[in-house]
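Asks: So you can see what is in the structure, the chains are spelled out below.
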Amino acid sequence: MTKLPGKQMVVEALKREGVNVVFGFPGGAIIDVYDALEKDGGIKHVLVRHEQGAAHAADGFARATGKVGVCIATSGPGATNTVTGIATAYMDSIPMVVFTGQVPTSLIGNDAFQEVDIVGITRPCTKHNYLVKDVHKLPAILKEAFYIASSGRPGPVLIDLPKDIQNQVAEFDYPDKIKLRSYNPVVEPHTRQIERAFKLIERSKQPIIYAGGGVIIANAHKELRKLAESICAPVTMTLMGLGGFPGTHEQSLGMLGMHGTYCANMAMANTDLIIAVGARFDDRVTGKIEAFAPNASIIHIDIDPTSIQKNVKVDVPIVGDCRKALKKLVRTIEEDGRPQEVWREKFQPWWDQIRAWEARHPLTYKTEPGVIKPQYVIEKLYELTKGKAIITTEVGQNQMWTAQFYKFDEPRTLLTSGGLGTMGYGFPAAIGAQMAFPNKLVVDVAGDGSIQMCIQEMATAMEQKLPVKIIILNNQFLGMVRQWQELFYDRRYAATEFSVTPDFVKLAEAYGAKGFRATKPEEVEDTLKKGLATDCLTIMEFAIAREEGVFPMVPAGKATTEMLLV
Amino acid sequence: MKHTLSVLVENEPGALSRITGLFSGRGFNIESLCVAPTLDQTMSHLTLVTSGDEYIIEQIIKQLNRLVDVCKVVDVSEGEFVEREMALIKVKAEDETRAEVLRMCDIFRCKVVDVSPRTYTIEVTGPESKLKAVMELLRPIGIKEITRTGTIAIQREKKTV
Ligand SMILES: Cc1ncc(C[n+]2csc(CCOP(=O)(O)OP(=O)(O)O)c2C)c(N)n1
Numbered sequence: 001m002t003k004l005p006g007k008q009m010v011v012e013a014l015k016r017e018g019v020n021v022v023f024g025f026p027g028g029a030i031i032d033v034y035d036a037l038e039k040d041g042g043i044k045h046v047l048v049r050h051e052q053g054a055a056h057a058a059d060g061f062a063r064a065t066g067k068v069g070v071c072i073a074t075s076g077p078g079a080t081n082t083v084t085g086i087a088t089a090y091m092d093s094i095p096m097v098v099f100t101g102q103v104p105t106s107l108i109g110n111d112a113f114q115e116v117d118i119v120g121i122t123r124p125c126t127k128h129n130y131l132v133k134d135v136h137k138l139p140a141i142l143k144e145a146f147y148i149a150s151s152g153r154p155g156p157v158l159i160d161l162p163k164d165i166q167n168q169v170a171e172f173d174y175p176d177k178i179k180l181r182s183y184n185p186v187v188e189p190h191t192r193q194i195e196r197a198f199k200l201i202e203r204s205k206q207p208i209i210y211a212g213g214g215v216i217i218a219n220a221h222k223e224l225r226k227l228a229e230s231i232c233a234p235v236t237m238t239l240m241g242l243g244g245f246p247g248t249h250e251q252s253l254g255m256l257g258m259h260g261t262y263c264a265n266m267a268m269a270n271t272d273l274i275i276a277v278g279a280r281f282d283d284r285v286t287g288k289i290e291a292f293a294p295n296a297s298i299i300h301i302d303i304d305p306t307s308i309q310k311n312v313k314v315d316v317p318i319v320g321d322c323r324k325a326l327k328k329l330v331r332t333i334e335e336d337g338r339p340q341e342v343w344r345e346k347f348q349p350w351w352d353q354i355r356a357w358e359a360r361h362p363l364t365y366k367t368e369p370g371v372i373k374p375q376y377v378i379e380k381l382y383e384l385t386k387g388k389a390i391i392t393t394e395v396g397q398n399q400m401w402t403a404q405f406y407k408f409d410e411p412r413t414l415l416t417s418g419g420l421g422t423m424g425y426g427f428p429a430a431i432g433a434q435m436a437f438p439n440k441l442v443v444d445v446a447g448d449g450s451i452q453m454c455i456q457e458m459a460t461a462m463e464q465k466l467p468v469k470i471i472i473l474n475n476q477f478l479g480m481v482r483q484w485q486e487l488f489y490d491r492r493y494a495a496t497e498f499s500v501t502p503d504f505v506k507l508a509e510a511y512g513a514k515g516f517r518a519t520k521p522e523e524v525e526d527t528l529k530k531g532l533a534t535d536c537l538t539i540m541e542f543a544i545a546r547e548e549g550v551f552p553m554v555p556a557g558k559a560t561t562e563m564l565l566v
Numbered sequence: 001m002k003h004t005l006s007v008l009v010e011n012e013p014g015a016l017s018r019i020t021g022l023f024s025g026r027g028f029n030i031e032s033l034c035v036a037p038t039l040d041q042t043m044s045h046l047t048l049v050t051s052g053d054e055y056i057i058e059q060i061i062k063q064l065n066r067l068v069d070v071c072k073v074v075d076v077s078e079g080e081f082v083e084r085e086m087a088l089i090k091v092k093a094e095d096e097t098r099a100e101v102l103r104m105c106d107i108f109r110c111k112v113v114d115v116s117p118r119t120y121t122i123e124v125t126g127p128e129s130k131l132k133a134v135m136e137l138l139r140p141i142g143i144k145e146i147t148r149t150g151t152i153a154i155q156r157e158k159k160t161v
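Sequence lines, in order, name chains D and V. The opening position of the first sequence corresponds to residue 1 in the working numbering, with each subsequent residue numbered one higher. The opening position of the second sequence corresponds to residue 1 in the working numbering, with each subsequent residue numbered one higher.
Simulated from the structure, these hints should not be mistaken for lab results. Being a predicted model, the structure only gives us computed values, none of them experimental. Careful: at least some of the hints might be erroneous.
[What the hints assert, rightly or not] Taking beta-carbon pairs under 7 Å as the criterion, some of the chain V residues facing chain D (in silico):
(1) ARG26
(2) ASP69
(3) CYS71
(4) MET86
(5) ARG118
The beta carbon of each residue, even a glycine, is placed where N, CA and C say it ideally should be.
Please construct the entire structure, taking both the sequences and the accompanying hints into account.
Replies: Here it is, written out as C-alpha cells:
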C-alpha cells in the first residue's frame with residue numbers, strides 16, 4: 001500500500017473514478033491540490049472565470065454524460081461562489097462532487113482569512129457533505145462522495161479540504177466498493193406494487209403517462225417508450241423530462257404545466273389514471289393543487305420516497321429505479337399478452353378527445369411582418385439542427401420557448417435549470433457539455449438578461465477552443481418577469497427594462513469569438529446557418545418582438561385548465 | 001397529533017444540525033429533542049417529539065431517512081412505548097411553604113436535590129403529563145426556574161430500534 005498526501009489522494013481518487021475533466025478556479029487554500037493536479041498531468045482542468053461557472057459546467061458535463069461532474073474552488077469567496085451552482089444541481093438531482101479548500105484545521109472557527117463554514121452553508125443544498133478533519137479518513141470519504149453523488153436519487157456532494165489535510169500523509173487505501181449502514185437506496189421495485197399498478201392500468205379508460213427528469217437520470221427512455229407503445233397511452237413530460245420520450249412521437253403531448261400545451265394540461269385534468277415516472281408533482285406542474293386531476297388514480301414510480309405522497313395522494317407508490325420499475329411493468333403487460341390493438345381500441349375514445357384538444361389549441365404564435373418572433377427562431381434552429389444538437393437554456397421566456405418549439409427526441413439533449421431556475425446556468429453548462437462531446441453541436445439559447453450573468457465564461461470557451469453557439473433572444477427586457485408584470489401588474493415594468501445592453505456582436509469579437517445579428521425575419525435562417533457553421537465560439541443575436549409572451553400560460557396558483565392562450 | 005420518533009444516527013459532527021436544519025428548512029415542528037450516544041459509541045440515539053397530521057409525519061419520517069447520516073427512524077408512538085422526561089425545578093420554599101413543597105415531593109416521588117434557606121430544587125421524572133401536574137401544583141407556591149430534558153422514549157417488550 002502507498003502513503004500519499006491528501007492532495008494526491010484527491011487526484012488518485014479522481015482517476016479511479018474515471019474523471020478526466022474537472023472545472024475550477026484556484027486560490028491559497030486549494031493551491032496544494034492544484035499542485036498535485038499539475039504534477040500528475042493526467043486530468044484535464046478547465047479554468048473558468050467565476051466559480052459559479054465551474055459548478056454549472058460540471059453540472060452540464062454531468063447532465064450530458066450521466067457521469068459525476070467535478071469542480072474545485074478555494075475557501076471563502078471561492079466556495080460561496082459555487083453555492084448557486086450546487087443548489088441548481090441539487091434541485092435537479094445532478095451527480096456532482098465539489099472540492100473546496102479550507103483554512104488549516106488549527107484556524108477553523110477563528111474567522112481566519114477567507115474562512116467560511118461552507119459545509120454549514122451547503123448543508124441544505126447538498127445531498128451530503130464533509131469537512132475532512134483526519135487525512136486517514138480521506139480515502140473513504142472520497143469513495144463515499146462519488147458513490148453517494150451517483151447512486152439513488154443523485155445529487156451534489158461537497159468535500160471541504162483544510163489546507164493542512166491536503167499535505168498530511170496517510171495510507172491511500174481506496175476501497176473498490178463501499179457499504180454504508182445508514183445509506184441504502186431502494187432500487188428494486190416491489191413486485192406486488194407493479195401488479196397493483198397493472199390492475200389500475202387495466203381498469204383505466206383514460207390513462208396518461210407523466211414523465212419527469214427521473215426517466216433521463218435513470219436512463220429509462222427505452223423502457224418508457226416500450227411502456228407507452230405497448231399500451232398506447234399518451235405521454236406528457238415535465239421540463240426536466242423532455243427528451244425522455246421522443247417529442248416527435250405521435251403519442252407525445254409535449255410538455256405540461258405552467259407553459260405546457262393545452263392538450264397536455266387538459267389531458268391531465270381529465271385523466272382517470274396518472275402513471276407518474278420520475279416526476280415529483282411540482283407546483284409548476286400541478287397548478288392549484290386542489291383542482292389538480294380530480295378524477296385520477298395515481299401510480300407513482302420514483303427512487304426517492306420523499307417525492308411520493310409529498311404533494312398529492314398516491315394510490316400505488318412504487319419506490320425504486322425508474323428503469324427497473326418500467327421493465328417490470330412492461331414485462332407484466334407482456335405476460336398479460338393483450339396485443340397492442342386491444343389497448344388501442346380500448347383507449348380510442350380517449351385519443352379522440354385528445355386529438356380534439358390538440359386541434360383546438362395547438363402550440364402556436366402570431367406572426368407579424370418585419371418582426372422576429374422568438375418561436376420562429378427556435379423552430380428554425382430545430383430544423384437546421386435536425387433536432388440533433390445538445391441544447392442548453394438560460395431561464396425565462398427563452399427557456400420556455402425552447403421547451404415548446406424544439407422537439408427533443410433524445411435524452412440528455414436539453415440541459416436546463418428546472419428546479420432552481422438559475423439564470424446564468426445555460427452558457428457554462430454548454431461549456432461542460434462541449435467538453436464532454438467536442439464534436440457535437442452545443443447551443444445555449446439565452447435571453448439578453450441571463451446571458452450576462454455568466455458572460456465572463458466566454459474567455460473560458462475561447463481558451464478551451466470550444467465552439468459553443470450562443471443564441472440570444474434579445475427583447476431588451478427581463479422578459480418573463482415583464483410578462484408577469486404585463487398580465488398581473490397593470491404593465492408596470494418595474495426594473496425589467498434594460499436601457500443599456502452591450503453590443504453582443506462586438507462583445508463576441510472582443511473575446512476573439514464570432515458574432516452575428518439578425519433584426520428582420522428574413523435574416524433569421526441565414527444568421528443561424530452562418531452562426532452554426534463556425535468552428536469557434538459564436539454569438540447569434542436576434543432582435544425579437546419586445547413584448548412577446550409565452551403561451552399557453554397557467555397563472556400561478558390557478559388550476560391548470562385555466563390557461564391563457566395565444 | 002403528537003408523535004415521538006426514535007432516530008438512530010451516525011455519531012458524526014454535523015449530523016444533528018442536518019436534522020434540525022431539515023425541520024426548520026421544511027417548516028416541520030420540533031417540540032423536544034434529546035440526543036446521546038448509544039451502546040455503540042459510533043451511533044447516537046435521538047428522541048424527537050413532533051406534531052402534524054399523518055401526511056406530515058410520513059414526510060418527516062421519509063425526509064429523515066433520506067439524510068445520509070440517518071440509519072433508522074421509528075415512530076414509537078405508533079405502538080406501545082415508555083416515555084420519560086426529567087425536570088429540575090427551583091421552587092420558593094420559605095417558612096410557611098417549606099413543608100408543603102416537601103409533602104408534594106413525597107406524593108409525586110420527586111427528589112430534593114438542592115436546598116437553600118429560601119428554595120428547594122427538586123428533581124421530577126416521569127411522562128410529560130406528570131411533569132405538567134407537578135408544575136401546576138408548584139406554580140402558586142412560586143417557581144423560580146425550571147430546566148427540562150425533553151422526552152426520551154423506548155419501545156416496550158422485545159422491539160428495538
Ligand atoms: C439568478 C436569477 N435571478 C432572477 C431570476 C428571476 N427571473 C426569472 S426569469 C427572469 C427574466 C430573464 O430575462 P432574460 O434572461 O432576458 O430572458 P427572457 O425571459 O427575456 O427570455 C428573471 C429575472 C432568476 N430566475 N434567476
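Asks: If a hint holds in the structure, say so; if it doesn't, say that too.
Replies: Results of checking the hints against the structure:
1. Checking V/ARG26 against chain D: minimum C-beta separation of about 9 Å lies over 7 Å; hint violated.
2. The criterion of a C-beta within 7 Å of any C-beta in chain D is met by V/ASP69, whose closest approach is roughly 6 Å, and the hint holds.
3. Look at V/CYS71: its Cβ gets to within about 4 Å of chain D, closer than 7 Å, so that hint holds up.
4. A distance limit of 7 Å between C-beta atoms decides the matter here; for V/MET86 the minimum to chain D is near 29 Å, and the interface restraint is violated.
5. Restraint check, V/ARG118 versus chain D: the minimum CB separation of about 41 Å is more than 7 Å; hint violated.
Of the numbered hints listed earlier, those contradicted by the structure are 1, 4 and 5.
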